[in-house]
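In case you want the letters, here they are:
Protein chains: 2
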Amino acid sequence: MSAEKKLAELKSRLLEIADLNGAASVLGWDQLTYMPPGGAAARGRQMATLAKLAQEKFIDPAIGRLLDDLRPYEESLPYEDDDASLIRVARRDYERATRVPPEFMARLNVHMSEAYMAWAEARPANDFKKVQPYLEKTLDLSRELANFFPGYEHIADPLIDYADYGMKAASVRKLFAELRAAQVPIVQAITAQEPADDSCLRKHFPEAAQMAFCEEVVRQIGYDFQRGRIDKTHHPFTTSFSVGDVRITTRVREDYLGECLFSNIHEAGHAMYEQGVDMKYDGTPLAGGTSAGVHESQSRLWENIVGRSLGFWEYFFPKLQQTFPEQLKGVSLETFYRAVNKVERSLIRTDADEVTYNLHVMLRFEFELAMLEGTLAVRDLPEAWRERFRADIGILPPDDRDGCLQDVHWFGGVIGGAFQGYTLGNVLGAQFYAAALQAHPEIPDEMKQGKFDTLHRWLIENIYRHGRKFTAPELVKRVTGGDISIEPYIAYLKAKYGQLYRL
Amino acid sequence: MSAEKKLAELKSRLLEIADLNGAASVLGWDQLTYMPPGGAAARGRQMATLAKLAQEKFIDPAIGRLLDDLRPYEESLPYEDDDASLIRVARRDYERATRVPPEFMARLNVHMSEAYMAWAEARPANDFKKVQPYLEKTLDLSRELANFFPGYEHIADPLIDYADYGMKAASVRKLFAELRAAQVPIVQAITAQEPADDSCLRKHFPEAAQMAFCEEVVRQIGYDFQRGRIDKTHHPFTTSFSVGDVRITTRVREDYLGECLFSNIHEAGHAMYEQGVDMKYDGTPLAGGTSAGVHESQSRLWENIVGRSLGFWEYFFPKLQQTFPEQLKGVSLETFYRAVNKVERSLIRTDADEVTYNLHVMLRFEFELAMLEGTLAVRDLPEAWRERFRADIGILPPDDRDGCLQDVHWFGGVIGGAFQGYTLGNVLGAQFYAAALQAHPEIPDEMKQGKFDTLHRWLIENIYRHGRKFTAPELVKRVTGGDISIEPYIAYLKAKYGQLYRL
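Protein chains in written order, with the numbering used here: chain A, 21 to 523; chain B, 21 to 523.
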């Protein structure tokens with residue numbers, strides 16, 4: 021069989037697997053948007069069947085043989101070549117998938133779903149003791165999973181690889197240490213001042229009008245409704261069935277305007293990334309986002325750097341006032357701008373503002389490393405959380421519910437690699453945006469006129485269209501000429517919040 | 021391996037196949053309700069992949085061996101036993117699926133999708149010549165398909181078997197001849213009179229209010245929203261992902277109240293059948309409806325016998341008037357009842373009233389037989405249609421668009437077995453309802469008070485819960501003690517329309 025035929029055979033096998041995964045995503049989307057309660061039992065089973073078949077088909081040794089046989093062909097091509105990249109990325113996925121015995125994955129999946137159910141009961145009951153044995157087993161299994169990838173520097177490295185390929189515990193730690201040193205003084209300087217008044221966001225805003233306004237906003241920034249749609253759910257997410265069908269979900273609080281609005285822009289950022297992947301990669305391992313950090317960089321770039329900028333609201337605030345004339349009567353652009361950028365010490369990561377958010381993430385990242393290293397026992401987590409939270413964020417969590425039980429990640433997944441992507445996203449978002457500004461200094465002025473296509477096109481051209489072809493570090497190198505760096509992010513925070521809070 | 025273990029192995033394989041089919045149904049539902057246009061290409065591919073995998077897994081010779089090995093166990097059990105029935109129905113499906121070579125199925129599927137696309141263009145263009153070669157090939161393929169099942173009496177029999185297992189061309193022909201003889205005089209007597217005035221249905225009825233009213237109606241007759249939901253689509257249908265999730269779809273015309281209302285009751289009838297299947301059959305070949313005819317019997321029973329009865333509207337008409345006080349001001353119950361039972365000679369099967377509907381179906385059924393027999397050439401279909409339509413329905417179709425091109429069935433499927441189920445449904449619906457009345461004469465009086473649960477429970481107990489355990493003829497025998505018969509249906513028409521039109 022020629023290399024050409026082998027590549028066709030590989031692509032055909034991978035397409036079938038992509039179809040199964042795409043189908044599973046449709047079932048997952050429906051489960052969280054429209055499915056009636058009676059559908060739950062069969063749905064869980066159907067999704068498990070699709071996942072099992074996709075996994076079986078992917079770890080088929082025939083795929084390994086094709087990948088081996090195609091190595092000379094791959095090496096004859098430039099690194100950036102589509103075929104070479106497809107083979108390279110498929111091999112990386114294949115090696116990861118085949119390192120872990122199916123028996124272990126089955127055991128892990130059963131445990132994760134049990135741990136999730138225990139957490140779903142324990143969190144409202146504020147009962148850490150109830151989930152402690154589950155979390156201890158999760159920690160054991162997380163270590164076991166990491167140990168299928170021997171040769172790591174830090175036991176968290178293989179787990180970080182799953183989400184942010186190419187990053188390591190050491191490199192993230194170093195980056196986070198720099199970030200903390202630069203960021204903590206900003207937080208302290210701001211929170212020493214009188215908090216911003218965000219009462220203009222906390223009136224009654226009817227749902228239908230909020231939804232219509234948000235739809236207009238995301239349409240205008242570039243989310244393509246011919247290849248997507250918005251539906252309601254409990255916890256907003258973005259999901260992709262193909263490059264031609266990338267959907268976002270949202271929720272609405274009628275007593276708080278910020279929820280639906282910024283959640284929509286955030287998810288639209290994720291979705292525009294996936295919609296922007298070159299259509300020729302559809303159904304291949306090159307479709308999708310390249311890492312958790314790069315994915316989050318796009319949601320945070322659009323949500324915060326664009327969506328909470330003064331220029332953005334110069335354009336949109338008059339339209340928002342037309343939508344809610346009673347509620348926003350007499351509210352100035354300046355007041356509104358300050359309200360959507362209110363900084364405060366808060367308990368919940370997902371509610372945290374742009375300035376304090378990373379502190380929430382870094383704390384979790386370090387606890388993950390400590391638990392994996394064995395320097396923090398699961399039973400000591402609640403107390404460690406309280407202490408560290410008071411030290412870092414400056415408030416004492418009143419309970420575990422809004423302390424170490426607040427995030428699902430450790431209870432629905434493994435310990436390790438779950439959180440760093442959020443902060444990497446903030447850092448990378450600012451770095452990418454700085455590069456876009458360097459190429460197109462007109463971007464901020466265009467925003468004031470509601471024009472986002474220069475920025476959007478630059479992101480497509482430099483980031484989105486490549487899908488998974490380049491790793492995050494490669495992408496940063498291509499776009500900025502250097503490595504991941506906190507400087508643009510810190511410069512952004514200082515400029516924006518320096519002006520807002522006269523630092 | 022013991023029979024018990026073999027049965028467990030069989031069930032486990034069938035469950036995986038049911039999961040793939042359930043997943044494909046979710047994708048199909050989404051395609052016709054919410055999918056953005058950009059999703060179409062990948063969605064077609066994903067659905068084809070799921071269908072192919074389900075088919076591959078089902079025709080696996082291992083299933084054949086299990087079915088063979090389980091024959092002594094099956095024969096040791098009573099016919100009605102769940103295990104015996106599961107093995108029997110799975111074997112029937114397996115034999116049907118394995119008779120047809122996968123190569124032929126692939127060829128047929130490609131052709132059907134080409135023929136469908138040709139029809140989708142040809143119908144609006146009123147261009148029969150364009151689809152004629154496709155339809156000729158469909159006819160060849162339909163014969164080829166039938167010939168994989170040698171030993172038939174009539175070449176349509178194997179094709180009728182797909183939809184209405186146990187019925188044959190000869191038995192349907194005989195039944196339809198009796199029906200025609202009894203029904204044509206009724207049609208003639210009614211259409212000789214002044215048509216009913218249905219102008220009260222043809223005002224402006226806002227969509228949201230129609231949807232809300234229809235939801236209340238189907239809830240009250242017994243459709244379970246914990247295990248279903250209603251969404252909008254172009255051509256209403258019912259789909260089932262599991263016994264716990266059976267969804268209906270609807271469309272609304274703001275200028276005609278009858279569309280959304282009766283379409284919802286019709287689909288709710290289909291859905292209540294599938295929701296009523298015993299939960300223990302979920303994920304097995306025993307879930308679902310037993311035949312097209314029995315399925316249609318339930319949609320037509322609820323839509324027509326219940327939903328267009330005077331008693332039903334004694335209860336619901338005051339509520340409808342509350343919903344649309346302006347539009348229905350001064351409209352009497354009697355006027356409304358006559359309007360929803362208006363009989364007229366009309367061009368389109370799906371718009372036809374209860375009295376003329378079967379004439380549309382019988383004409384198609386006979387054309388199917390004639391084409392398969394070779395006594396009607398495809399090229400002569402348009403002319404034959406016009407002649408026969410004028411003779412049977414009494415009007416001359418002005419074109420092929422609303423003549424022989426009006427239904428998708430022959431263009432998206434095979435010729436043979438596509439239509440008889442609709443009329444069998446009308447006949448069976450009346451027969452089942454008569455049996456229910458015999459057991460519970462209080463049903464019509466209960467309806468006047470908005471109570472439908474005696475009827476619903478009787479249908480669950482006698483029909484729905486069995487799923488596919490019994491064939492349609494077996495079910496009729498169990499329920500009525502006899503064979504399928506037109507008498508209850510003709511008696512129903514005579515009583516209802518005799519009163520309405522003073523025949």
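Simulated from the structure, these hints should not be mistaken for lab results.
Incorrect hints may appear among the rest.
Put simply, identical chains are the same to the list, so a pair is met inside one copy or across any two.
The calculated lysine-lysine pairs, modelled on DSS-like cross-linking and capped at a C-alpha distance of 27 Å, are [what the hints assert, rightly or not]:
| id | residue 1 | residue 2 |
| --- | --- | --- |
| 1 | 26 | 194 |
| 2 | 300 | 252 |
| 3 | 194 | 300 |
| 4 | 362 | 300 |
| 5 | 77 | 26 |
| 6 | 188 | 150 |
| 7 | 349 | 188 |
| 8 | 362 | 468 |
| 9 | 252 | 514 |
| 10 | 72 | 26 |
| 11 | 188 | 77 |
| 12 | 72 | 31 |
| 13 | 150 | 223 |
| 14 | 497 | 188 |
| 15 | 31 | 77 |
What you are looking at is a predicted structure, and each value in this text was computed from that prediction instead of being measured.
Each hint, compared with the structure:
| no. | hint | in the structure |
| --- | --- | --- |
| 1 | 26 / 194 | neither (43 Å within a copy, 58 Å between copies) |
| 2 | 300 / 252 | neither (30 Å within a copy, 32 Å between copies) |
| 3 | 194 / 300 | neither (38 Å within a copy, 57 Å between copies) |
| 4 | 362 / 300 | neither (42 Å within a copy, 55 Å between copies) |
| 5 | 77 / 26 | both (16 Å within a copy, 25 Å between copies) |
| 6 | 188 / 150 | neither (32 Å within a copy, 63 Å between copies) |
| 7 | 349 / 188 | neither (51 Å within a copy, 74 Å between copies) |
| 8 | 362 / 468 | within (21 Å within a copy, 61 Å between copies) |
| 9 | 252 / 514 | neither (36 Å within a copy, 50 Å between copies) |
| 10 | 72 / 26 | both (25 Å within a copy, 22 Å between copies) |
| 11 | 188 / 77 | neither (30 Å within a copy, 42 Å between copies) |
| 12 | 72 / 31 | both (20 Å within a copy, 17 Å between copies) |
| 13 | 150 / 223 | neither (39 Å within a copy, 61 Å between copies) |
| 14 | 497 / 188 | within (17 Å within a copy, 71 Å between copies) |
| 15 | 31 / 77 | both (13 Å within a copy, 22 Å between copies) |
The structure fails to meet hints 1, 2, 3, 4, 6, 7, 9, 11, 13 from the earlier list, while all remaining hints are met.
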